[in-house]
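Asks: Residues per chain, in single letters:
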Amino acid sequence: DTGVSQDPRHKITKRGQNVTFRCDPISEHNRLYWYRQTLGQGPEFLTYFQNEAQLEKSRLLSDRFSAERPKGSFSTLEIQRTEQGDSAMYLCASTIAGAEQYFGPGTRLTVT
Amino acid sequence: AQSVTQPDIHITVSEGASLELRCNYSYGATPYLFWYVQSPGQGLQLLLKYFSGDTLVQGIKGFEAEFKRSQSSFNLRKPSVHWSDAAEYFCAVDANQAGTALIFGKGTTLSVSS
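One line per chain: the protein sequences are A and B, in this order.
Residue numbering for the first sequence follows the working numbering, beginning at 2 and increasing consecutively.
Residue numbering for the second sequence follows the working numbering, beginning at 521 and increasing consecutively.
For the record, the hints were derived by calculation from the structure and aren't laboratory data.
Backbone N, C-alpha and C fix where the C-beta goes; we use that ideal spot for every residue, glycine too.
It is possible that some hints are incorrect.
[Stated by the list, open to error] Distance ranges between label pairs, derived from CB positions:
| id | chain 1 | residue 1 | chain 2 | residue 2 | range |
| --- | --- | --- | --- | --- | --- |
| 1 | B | Pro599 | A | Arg82 | 48 to 54 Å |
| 2 | B | Lys581 | A | Arg23 | 15 to 21 Å |
| 3 | B | Asn616 | A | Glu69 | 19 to 25 Å |
| 4 | B | Ser592 | A | Pro9 | 38 to 44 Å |
| 5 | A | Arg82 | B | Thr532 | 41 to 47 Å |
| 6 | B | Arg597 | A | Arg60 | 41 to 47 Å |
| 7 | B | Gln562 | A | Glu79 | 22 to 28 Å |
| 8 | A | Gln51 | B | Pro599 | 35 to 41 Å |
| 9 | A | Gly17 | B | Arg597 | 45 to 51 Å |
Let the hints inform the model, and build the full structure from the sequences given.
Replies: Now the structure itself:
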């Protein structure tokens, strides 16, 4: 068991560019979550999947944000036309349904 | 409004002293309750959880938390703090008890003085 992994750990991009982050959950976990954490705040829920189905996406911050989990294993979070306000830590978590969530190390995004 | 409140933004305790971090929630029913710790540059590590049953729960690293329904609180405690406990601590709730979204407080930064 290698835990939740995220790639890349750091991403610097210019305003207007698209970025994509990857999350690999713990292997037997069927639920996967994305959160955003800004400086001085707790994580903020964005979306989650059960297997390949995206069960909640109303909290995605705008239509520039989208997430996929095509085969029920890894997931990607894409931000299109990045803005400086998108600079944050993006966290992924996974769990077996109904249990506690285990978090990855996060991807820190800096938009210049 | 539904929320999780951690009243203390920053706490400093001496090494070896006891610690209590406060957490209050405002939800109609008793949610699932969690405490996580985050060290600089690291992800969140689960310290302990409360789903039901005994209101005093034990966690890792010598931490414990007590659920008090009448006060809507879930305070984290440790009898003797170590320098390595310096980190940011987050209280979180799963309001629906359904393994959906966690709602986090803003966190409490713990500093440990020698």
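Asks: Of the numbered hints stated previously, which ones are contradicted by the structure, given in increasing order?
Replies: 2 and 6
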